[in-house]
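2 protein chains.
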Amino acid sequence: MPQNPLISRRERLVSARLCVLVDGGSSVAACAEQVAAIAAAGAGLIQLRDKSLDDATLLERAIAAVGAARRHGALVVINDRPDIAVAAAADGVHLGAGDLPVLAARRVVGSARLIGRTAHCFAEATAAMADAADYLGIGPCFPSDTKTFASFAPRDFLQAVAAEIALPAFAIGGITPQRLPELAALGLTRVAVAAGVTKAPDPAAAVAAFHDALSRTS
Amino acid sequence: MPQNPLISRRERLVSARLCVLVDGGSSVAACAEQVAAIAAAGAGLIQLRDKSLDDATLLERAIAAVGAARRHGALVVINDRPDIAVAAAADGVHLGAGDLPVLAARRVVGSARLIGRTAHCFAEATAAMADAADYLGIGPCFPSDTKTFASFAPRDFLQAVAAEIALPAFAIGGITPQRLPELAALGLTRVAVAAGVTKAPDPAAAVAAFHDALSRTS
Numbered sequence: 061m062p063q064n065p066l067i068s069r070r071e072r073l074v075s076a077r078l079c080v081l082v083d084g085g086s087s088v089a090a091c092a093e094q095v096a097a098i099a100a101a102g103a104g105l106i107q108l109r110d111k112s113l114d115d116a117t118l119l120e121r122a123i124a125a126v127g128a129a130r131r132h133g134a135l136v137v138i139n140d141r142p143d144i145a146v147a148a149a150a151d152g153v154h155l156g157a158g159d160l161p162v163l164a165a166r167r168v169v170g171s172a173r174l175i176g177r178t179a180h181c182f183a184e185a186t187a188a189m190a191d192a193a194d195y196l197g198i199g200p201c202f203p204s205d206t207k208t209f210a211s212f213a214p215r216d217f218l219q220a221v222a223a224e225i226a227l228p229a230f231a232i233g234g235i236t237p238q239r240l241p242e243l244a245a246l247g248l249t250r251v252a253v254a255a256g257v258t259k260a261p262d263p264a265a266a267v268a269a270f271h272d273a274l275s276r277t278s
Numbered sequence: 061m062p063q064n065p066l067i068s069r070r071e072r073l074v075s076a077r078l079c080v081l082v083d084g085g086s087s088v089a090a091c092a093e094q095v096a097a098i099a100a101a102g103a104g105l106i107q108l109r110d111k112s113l114d115d116a117t118l119l120e121r122a123i124a125a126v127g128a129a130r131r132h133g134a135l136v137v138i139n140d141r142p143d144i145a146v147a148a149a150a151d152g153v154h155l156g157a158g159d160l161p162v163l164a165a166r167r168v169v170g171s172a173r174l175i176g177r178t179a180h181c182f183a184e185a186t187a188a189m190a191d192a193a194d195y196l197g198i199g200p201c202f203p204s205d206t207k208t209f210a211s212f213a214p215r216d217f218l219q220a221v222a223a224e225i226a227l228p229a230f231a232i233g234g235i236t237p238q239r240l241p242e243l244a245a246l247g248l249t250r251v252a253v254a255a256g257v258t259k260a261p262d263p264a265a266a267v268a269a270f271h272d273a274l275s276r277t278s
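Read top to bottom, the protein sequences are chains A and B. Counting the first sequence from 1 gives a position; this note's numbering is that position plus 60. Counting the second sequence from 1 gives a position; this note's numbering is that position plus 60.
One chain only, chain A, in its complex shape (with noise of 0.2 Å):
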């Protein structure tokens, strides 16, 4: 459904239980195609990720994704670069390791656009809260088909942020709709997919079938 200007970004950013993390895509159009139609199953929540683009041209991408996304009221948020989510007009920035601090990533969106943190740990997770970012990414939870990870999540780590993090958190890393009773055990009930959503055949069956499996444990 198209974005309701009333609902803010953070009321929407609470709604979102899954998010989907894109990269630019082979043209303007073909980006525009991919978030729109990821949009269009219900992900509330779309990273755009590519670090093999310049600026000028990531800024282009960022831009199309942004009006992609808006007419199916879904959100987007910038991988690492806070500048262009800003010249993008996107909802936010998301920050990891090595990138800008929260406080810095604040100066440059205001406090109208959502930043979110990679945590990897307990002290991480507190950090961003006290730094008011907006949302939590968490793990690698799982291993996965397309990413290799040098160690994964303490169970307890997801499970205090869960309890103990007043923010949303998406859990990440080899998430698949068959794995979120584990998740939801552990009290996360919002995750995070990249390949698993565009690189299935049908990225927006995969998108349903994420809902479906993210509805029944909730």
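Every clue listed holds true.
Quick partial rundown of chain B residues pointing at chain A, CB under 10 Å, derived from the structure:
(1) THR117
(2) LEU119
(3) ARG141
(4) PRO142
(5) ASP143
(6) ALA157
(7) PRO161
(8) LEU163
(9) ARG166
(10) VAL168
BS3-like cross-link-like pairs, simulated, lysine-lysine; straight-line CA separation at most 27 Å:
(11) B:LYS207 with A:LYS111
(12) A:LYS259 with A:LYS207
(13) A:LYS111 with A:LYS259
(14) B:LYS259 with B:LYS111
(15) A:LYS111 with B:LYS111
(16) B:LYS259 with B:LYS207
(17) A:LYS207 with B:LYS111
(18) B:LYS111 with B:LYS207
(19) A:LYS111 with A:LYS207
These are calculated hints, taken from the structure and not from any lab test. Even for Gly, the Cβ is constructed at its ideal location relative to N, Cα and C.
For chain A, the structure is supplied; the task is to place chain B on it using the hints.
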């Protein structure tokens, strides 16, 4: 001399005739020390340019550079990254090919910060002026001992920028004090230098040598 807060960034930019490009150095202290030496010697504009550092480290170096330069009245711009410029409270950003467009960067840095733009042809220079860039970098002008250039800026382009573009224009690429009369004959009285200062045995003396030569060409 220390920065006078009653003199705007654009007034100080117009006064600047030497821009020195520095990298982030081996530590925050090394970065601050280098920038302080160059600023104390009288360079009016310092560009921090370091593609090897992660964003968090680049921000730390940028904050150090801004503090060191400000004590001596020099401006600091950050290469490529309007977000780092804002987060470090720098004076502006310098944009090259593939970076964000000037108008996009303006959304990030606001109207009070400077935006510099590299131009390799007259069309790029006029576009930068139309987009309200604050200054130009034009070149590469001469062969350099430290960098290999595929081609050089045509002399009629350099001359046309000096004559027709109402923005401060810094000639860059292989600039030495000995080459300033040739640039002055084209109408160019501002230069940007990297290794010619930073790799000199005495960077402060190199700045002084450039200023001395610049004063003889105006």
